[in-house]
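**Student:** Residue numbers (numbering that gives the first Met the number 0), protein chains in the order written: chain B, 0 to 129; chain X, 0 to 129; chain L, 0 to 129; chain G, 0 to 129.
Misleading hints may appear alongside valid ones.
List time: in silico BS3-like cross-link candidates among lysine-lysine, alpha-carbon distance up to 30 Å [what the hints assert, rightly or not]:
{"#": "1", "chain 1": "L", "residue 1": "Lys83", "chain 2": "G", "residue 2": "Lys63"}
{"#": "2", "chain 1": "X", "residue 1": "Lys114", "chain 2": "B", "residue 2": "Lys44"}
{"#": "3", "chain 1": "B", "residue 1": "Lys80", "chain 2": "X", "residue 2": "Lys114"}
Over the 10 Å line for every Cβ pair with chain G, so calculated as not near, a few chain L residues [what the hints assert, rightly or not]:
{"#": "4", "residue": "Ile1"}
{"#": "5", "residue": "Thr5"}
{"#": "6", "residue": "Asn23"}
{"#": "7", "residue": "Glu29"}
{"#": "8", "residue": "Asp38"}
{"#": "9", "residue": "Gly49"}
{"#": "10", "residue": "Gly50"}
{"#": "11", "residue": "Thr56"}
{"#": "12", "residue": "Glu67"}
{"#": "13", "residue": "Val68"}
{"#": "14", "residue": "Asn69"}
{"#": "15", "residue": "Glu75"}
{"#": "16", "residue": "Ile87"}
{"#": "17", "residue": "Pro117"}
{"#": "18", "residue": "Asp123"}
{"#": "19", "residue": "Pro129"}
Below, a sample of chain G positions facing chain L; criterion: calculated Cβ distance under 7 Å [to be verified]:
{"#": "20", "residue": "Ile58"}
{"#": "21", "residue": "Cys59"}
{"#": "22", "residue": "Met93"}
No wet-lab data here; the hints were simulated from the structure. Backbone N, C-alpha and C fix where the C-beta goes; we use that ideal spot for every residue, glycine too.
Protein chains: 4
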Amino acid sequence: MIHRYTLKVRSYELDGNNHVNNANYLNYLEAARISFLEDIGINYKAFFIGGYRLFVTKICISYKIPAEVNDEITIETHPIKRRKTSGIFRQTLMRGTDVLTEADVTWVCVNEQGKPVPLPPEFDKPELYP
Amino acid sequence: MIHRYTLKVRSYELDGNNHVNNANYLNYLEAARISFLEDIGINYKAFFIGGYRLFVTKICISYKIPAEVNDEITIETHPIKRRKTSGIFRQTLMRGTDVLTEADVTWVCVNEQGKPVPLPPEFDKPELYP
Amino acid sequence: MIHRYTLKVRSYELDGNNHVNNANYLNYLEAARISFLEDIGINYKAFFIGGYRLFVTKICISYKIPAEVNDEITIETHPIKRRKTSGIFRQTLMRGTDVLTEADVTWVCVNEQGKPVPLPPEFDKPELYP
Amino acid sequence: MIHRYTLKVRSYELDGNNHVNNANYLNYLEAARISFLEDIGINYKAFFIGGYRLFVTKICISYKIPAEVNDEITIETHPIKRRKTSGIFRQTLMRGTDVLTEADVTWVCVNEQGKPVPLPPEFDKPELYP
């Protein structure tokens with residue numbers, strides 16, 4: 000399963016080169032991951048209240064083609080690795096069929112004390128596995 | 000030479016966990032790189048007017064310990080690799096002696112057409128080499 | 000003429016109350032004004048290169064109903080006042096027929112030295128007048 | 000009592016004119032207000048857990064002189080009006096003795112249902128009154 004999230008680039012997200020500023024892509028990717036989690040039935044608020052957190056521990060992002068104002072962007076998200084308490088999403092930011100940016104995002108599930116723990120069964124959805 | 004840039008975390012930069020939001024670190028790192036370039040005598044405006052651009056092509060960032068509100072942060076920046084038209088900076092975000100975040104940032108020098116080109120001699124400073 | 004600009008609220012734009020953070024509305028309004036200017040034939044880059052700037056000198060914004068994640072927002076923009084070198088836009092942020100936020104934004108046209116000057120004739124479009 | 004909050008402008012906060020972007024000032028002002036509340040003994044988390052919220056209902060901000068990169072900014076905050084469930088702060092953004100921006104910010108205290116209510120006595124500090 001590949002999840003898709005769409006957005007439209009806004010003028011205030013550009014830098015002096017009229018390209019989307021590097022940091023904004025991380026915001027885009029986060030919005031896509033939250034949408035992914037919701038769509039597979041993980042309500043982050045319930046997860047949080049249950050005493051769990053999903054922390055991002057690593058992001059490797061390659062900038063290939065810059066996004067520009069009013070671009071209609073699609074972000075594809077899918078899992079490429081899964082361990083007991085952690086996993087990796089691959090996220091691809093597309094404009095039509097062009098890959099603009101690609102990122103691998105490593106997450107870990109932790110409890111309220113910040114200790115890595117397995118996802119509780121009710122949140123451990125099959126869509127989190129490659 | 001290791002360049003140091005300091006900043007203080009502001010309350011609106013936090014996420015729902017009261018940690019600095021992931022994307023903001025990329026802003027911090029960018030501010031530190033621009034400060035680095037200025038301090039070694041590369042005025043980005045002159046560089047830009049001369050027809051050159053520095054584009055970031057890749058960032059690998061590890062989040063180790065979250066930064067929190069009012070934290071006094073130091074970002075250390077130094078080059079770890081240099082090729083003809085590109086290079087890599089390592090940037091370490093510290094709170095006191097704790098390493099909070101570490102990132103390798105790959106840049107490339109391009110001309111106005113976006114083609115990789117060597118840095119012009121007047122901007123090709125020794126501090127850009129490991 | 001009332002100009003309309005649409006956007007969809009993204010998850011990272013919320014604050015701890017799950018409402019869009021106050022500052023983000025100013026980004027939304029700016030994106031809508033830039034879209035307005037483009038749609039009436041004012042290319043801001045040409046305007047800038049011609050030596051002109053549009054500066055915002057005052058914003059009064061009322062927050063009535065908070066916008067939330069995934070809301071489909073429409074921003075209506077129209078001029079309510081026009082003087083020789085300045086003017087006021089009224090911008091209304093709507094969700095369906097609900098007015099979430101309303102703002103009056105005062106702008107002034109300045110030259111490169113920051114001195115207020117009349118808009119050059121080719122940019123002084125009738126849509127800038129109430 | 001006039002509360003003072005200081006910050007240093009960062010390069011990524013500028014727009015194409017090398018001025019701090021309009022929306023960022025609202026972030027600055029918010030950081031200053033949160034600092035103000037903490038300094039007079041209002042812990043927002045305790046306030047929130049107690050079932051109360053402080054919502055901003057109106058901001059009128061005048062942009063007089065633009066802030067630029069590396070500027071050391073001081074934001075002065077003091078109350079200018081107080082009613083039963085609401086109040087107005089005046090916030091002045093200074094660079095040295097120059098007033099760059101001035102804003103009046105209206106707030107209201109609401110309960111979890113969003114209904115305006117008086118501040119509970121333990122949070123109704125004298126510093127909230129002019």
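**Student:** Please go over all the hints and tell whether each is borne out by the structure.
**Tutor:** Hints versus structure:
1. L:Lys83 x G:Lys63: 19 Å, holds
2. X:Lys114 x B:Lys44: Roughly 46 Å separates the two Cα atoms, so the pair is violated.
3. B:Lys80 x X:Lys114: At roughly 35 Å apart (the allowed maximum being 30 Å), Lys114 of chain X and Lys80 of chain B break the hint.
4. Ile1: Holds: least Cβ distance 22 Å, greater than 10 Å.
5. Thr5: 19 Å, holds
6. Asn23: 7 Å, violated
7. Glu29: 7 Å, violated
8. Asp38: Given that every Cβ of chain G is farther than 10 Å from that of Asp38 of chain L, nearest at about 20 Å, it holds.
9. Gly49: 14 Å, holds
10. Gly50: 13 Å, holds
11. Thr56: 5 Å, violated
12. Glu67: The claim holds: Glu67 of chain L sits with its nearest Cβ about 13 Å from chain G, beyond 10 Å.
13. Val68: The assertion about Val68 of chain L holds, with a minimum of 17 Å to chain G.
14. Asn69: Asn69 of chain L is indeed farther than 10 Å from all Cβ atoms of chain G, at 20 Å.
15. Glu75: 19 Å, holds
16. Ile87: 13 Å, holds
17. Pro117: Nearest chain G Cβ is 20 Å from Pro117 of chain L, so the label holds.
18. Asp123: At roughly 21 Å from the nearest Cβ of chain G, Asp123 of chain L sits farther out than 10 Å, so the non-interface label holds.
19. Pro129: Non-interface label stands for Pro129 of chain L: nearest chain G Cβ at 21 Å, farther than 10 Å.
20. Ile58: This interface hint holds because 5 Å falls under the 7 Å limit.
21. Cys59: 4 Å, holds
22. Met93: Not OK, violated: Met93 of chain G not within 7 Å of chain L, min 18 Å.
The structure does not agree with the numbered hints 2, 3, 6, 7, 11 and 22 stated previously, though it agrees with the rest.
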